[in-house]
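Visitor: Fit chains B, C, D, E and F to the supplied structure of chain A, relying on the hints for placement.
Protein chains: 6
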Amino acid sequence: MFSRTLFPGRFQPVHNGHVAAIRWLLGVSEEVIVLVTAAQYSYTLENPFTAGERITMLRYALRDVWDRLYVVPLDNIPDNSLWLDYIEKRVPRFEAVCTGNPFVELLARAKGYEVLKPPLLDREKLQGRIIRRLISEGGEWESLVPEAVANYIKSIRGVERLRVLAATEYVVVNP
Amino acid sequence: MFSRTLFPGRFQPVHNGHVAAIRWLLGVSEEVIVLVTAAQYSYTLENPFTAGERITMLRYALRDVWDRLYVVPLDNIPDNSLWLDYIEKRVPRFEAVCTGNPFVELLARAKGYEVLKPPLLDREKLQGRIIRRLISEGGEWESLVPEAVANYIKSIRGVERLRVLAATEYVVVNP
Amino acid sequence: MFSRTLFPGRFQPVHNGHVAAIRWLLGVSEEVIVLVTAAQYSYTLENPFTAGERITMLRYALRDVWDRLYVVPLDNIPDNSLWLDYIEKRVPRFEAVCTGNPFVELLARAKGYEVLKPPLLDREKLQGRIIRRLISEGGEWESLVPEAVANYIKSIRGVERLRVLAATEYVVVNP
Amino acid sequence: MFSRTLFPGRFQPVHNGHVAAIRWLLGVSEEVIVLVTAAQYSYTLENPFTAGERITMLRYALRDVWDRLYVVPLDNIPDNSLWLDYIEKRVPRFEAVCTGNPFVELLARAKGYEVLKPPLLDREKLQGRIIRRLISEGGEWESLVPEAVANYIKSIRGVERLRVLAATEYVVVNP
Amino acid sequence: MFSRTLFPGRFQPVHNGHVAAIRWLLGVSEEVIVLVTAAQYSYTLENPFTAGERITMLRYALRDVWDRLYVVPLDNIPDNSLWLDYIEKRVPRFEAVCTGNPFVELLARAKGYEVLKPPLLDREKLQGRIIRRLISEGGEWESLVPEAVANYIKSIRGVERLRVLAATEYVVVNP
Amino acid sequence: MFSRTLFPGRFQPVHNGHVAAIRWLLGVSEEVIVLVTAAQYSYTLENPFTAGERITMLRYALRDVWDRLYVVPLDNIPDNSLWLDYIEKRVPRFEAVCTGNPFVELLARAKGYEVLKPPLLDREKLQGRIIRRLISEGGEWESLVPEAVANYIKSIRGVERLRVLAATEYVVVNP
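Residue numbers (the working numbering), protein chains in the order written: chain A, 1 to 175; chain B, 1 to 175; chain C, 1 to 175; chain D, 1 to 175; chain E, 1 to 175; chain F, 1 to 175.
Misleading hints may appear alongside valid ones.
Repeated chains share a single entry, so a pair holds when one copy, or any two copies, can fit it.
Under the rule of at most 30 Å between Cα atoms (straight-line distance), these lysine-lysine pairs were calculated in the DSSO-like manner [as the list claims (entries may be wrong)]:
1) Lys-125 x Lys-89
2) Lys-111 x Lys-89
3) Lys-111 x Lys-154
4) Lys-154 x Lys-125
5) Lys-117 x Lys-89
6) Lys-89 x Lys-154
Simulated from the structure, these hints should not be mistaken for lab results.
Isolated chain A (complex conformation) (with noise of 0.2 Å):
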């Protein structure tokens, strides 16, 4: 059993892989440390939800765990290599990373952290790609991420923002 562990993720949206693997975590590791990465970025096709829409789903989806988690957004960095050193400024200390990202994975055994590999559920499907994807294109998308999240999307208009997105062929804010 590990004390606390480190699960980064943009959660664009957070779905029910996400879910899975974070109470699969919570049977391995006292406490969990849910890094919101690329909290500076919005209103894209990459990156849809604000930071604080992605914090309010892991609400919704993980309320009953919430007093095992530490929920924190993060800016990305350009300097991957400084990546993990950031990140232990801004949070507890922990000692095992949980990533299915080779990359990820590379830079924290770098670092001698224990790293772990979450199951993946239907890899197929549970990907914040194509879930963004259905979302925008019309798709049959709400089952593949907790219910309360699918109606807090609906209710934040996140399904227009979605089809907007990927009708505008430039974002004028981003070049």
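Guide: Below, chains B, C, D, E and F alone, put in the same frame as chain A:
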């Protein structure tokens, strides 16, 4: 009649479509804030001209109505959801946003602004991307921009600049 | 009863005044967003502890009510007028701001938030500035912070850190 | 007669000294670029007004000569030696700099610009720092700024803002 | 003979083409400033090595002529038109720029610098992009870089790093 | 004998104390990384010289041992706790840090570096702050810096620069 409206664009370069839209807007708004976005970028294929050069083009194109304009450069910021808040701190108060871009429309409506759609002239040709390509590939572009703007672009060797940018595989300065 | 309120502070370090205010606030608000400001600063006399260390202190001090808290670090930005807009993108929606600071009150009222003033305990002593000085000068500070926080500060050699910071004429890293 | 000159200032707030200097400058220069510096700061004692508010003040004070002005906000940057290079990319070309500040004069001469010194009216009183203090302390400040500017400051509750800023020991947002 | 010239590059990694060019340049210039650009990026496919690792490679490759070199890392900035101004504040004065890149040549000539074109060795293979691909795909790359550089890359597990970067669909840290 | 050590400083300006310390350090370390900190600042009373000028001074002062030096400019960052992590990505690996500053010592020890204290020559006078004041007030400063550095400072009109900076009440560029 509005007191003041916002007209955002990159103006890479200023073309007849911009000028027609702003003149049309001055028919429904006493004052217009012309927002020169992506001000921090220049000497790239997407953003070949500096903010100062773009302001100069606007001066050449709109000198007779300058008395009713605010011409304000604005850096792009990473968080699109913060974009209009950021603008509000940098320009005088405005009541409506004039844009043909569905994404800007979404952001503006979300903050309660009225949205005005400018009449689009010859949208096939009057687009920055198309004009930049015509310039770099030696096509006929002069008729698509005000004459004084065409002369200015030539005077600052803008044609050569675009040709070099188009011919450079890798722009060293940005990754 | 509010659904959600914002409680901003630097928490350098977390002291009994903070804890009492947050507990009081949980009597009038179902959830509280504890905003850890100036998150990008650390190892200065004004901001000796990292954001991660401050979150850890909050965990020690408020573990029993963690289920109702969002603890979110936030970098300071140069434009104060944009501060609340920036916060709104980074945290879940809130209805009121709890602050004893007249400047924060001004900003919050300007955006239409209700402002709650926390009961101030022993304001003579329960101030970060005073506690930091007591720590660096060898005074009695332990009784002013929760016991677990005092122990944590000692465990990370925070007393030595503050003494060195106070004794260093010029901190090389910042000008 | 110069074609175009640069007039930099913070305009916190716009006062009669600024207005007199710009009008004098329009006697020796066909166009004037009014550079609103420190644009990223607001709601501090040194920089109480946003860039947008300062542009609005300039509009009120100089509406009759707006046709000959460029009013451009500019963020401060850390490297002073790069300041004029940075300005050159953000505004139309200029031939001279109008300033009473010896430091700006030094920078301008180093880049080969001619330097014009504006006639200084009543320098005892016509300084931003002095006017800000008069506003915050309840002194007589209205006669030191154009009447329309005084009215505007009152309409945005600028007097209250300055009083609160002066009364706040610690501005939470900036360290 | 020039006193001092500038040689900019990303050096991802240092290869025989760089080394030949710098040695050639030392035949026409007493001192050379080797500018390591894009210094803030690392652990990406385009920029796998940190600035510190690139400086180390340059040391291994050019130790015998180090006495005549300045090796200076430089972050990329968004405004290309400001790039040379920025460089001028960060390195000693130089008279000419050595580059085979037409875009850098354009910028350098615009500021009045003489431009030197290095003799290009085997341009088919001696390109960073090609060498990075050879490394990540298991090709023969060692003969394209100085032997000491090849050994250094292996010693820091650079081959594994490039393979992981190439195999990672999405690099979490940057969007 | 160490292989490589780090010597951080602002070098505003390079003085005899710096030179003696670096020469002493070369007696116990084969190579020395001279880190020019606060590289992004210049033309202020605290940081009058650009990074490029400071590198030039180091060249004049240490030409005979340049073969064993890395001279690297580094911007200051807001988070002091991240400072050494940041340095590690920008310079070759080092084993020890040479500093007389207790704060830098604290940071270095926390990361496990050995700390070397340079012999302090005439600490009454050999301090940047004191030398800057002597320059700006017309005192005798030339004997406190290497002769070639004194000549260089005069050749770039550094004395006039410091006098103007000292005489300017408010430096427009920074707030």
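Visitor: Are the hints correct? Go through all of them and say.
Guide: Status of the hints after comparison with the structure:
1. For the identical chains of this complex, Lys-125 and Lys-89 are inter-copy neighbours only, at 28 Å across copies versus 34 Å inside a copy, given an alpha-carbon limit of 30 Å.
2. Proximity of Lys-111 and Lys-89 under a CA criterion of 30 Å is satisfied in both settings, with 14 Å inside one chain copy and 13 Å between copies.
3. For the homomeric pair Lys-111 and Lys-154, the shortest alpha-carbon distance between copies (18 Å) is at most 30 Å, but the shortest distance inside one copy (41 Å) is not.
4. In this homomeric assembly, Lys-154 and Lys-125 come within 30 Å of each other (Cα to Cα) only inside a single copy, at 20 Å, whereas the closest approach across copies is 38 Å.
5. For the identical chains of this complex, Lys-117 and Lys-89 are neighbours both inside a copy (24 Å) and across copies (28 Å), given an alpha-carbon limit of 30 Å.
6. For the homomeric pair Lys-89 and Lys-154, the shortest alpha-carbon distance between copies (18 Å) is at most 30 Å, but the shortest distance inside one copy (35 Å) is not.
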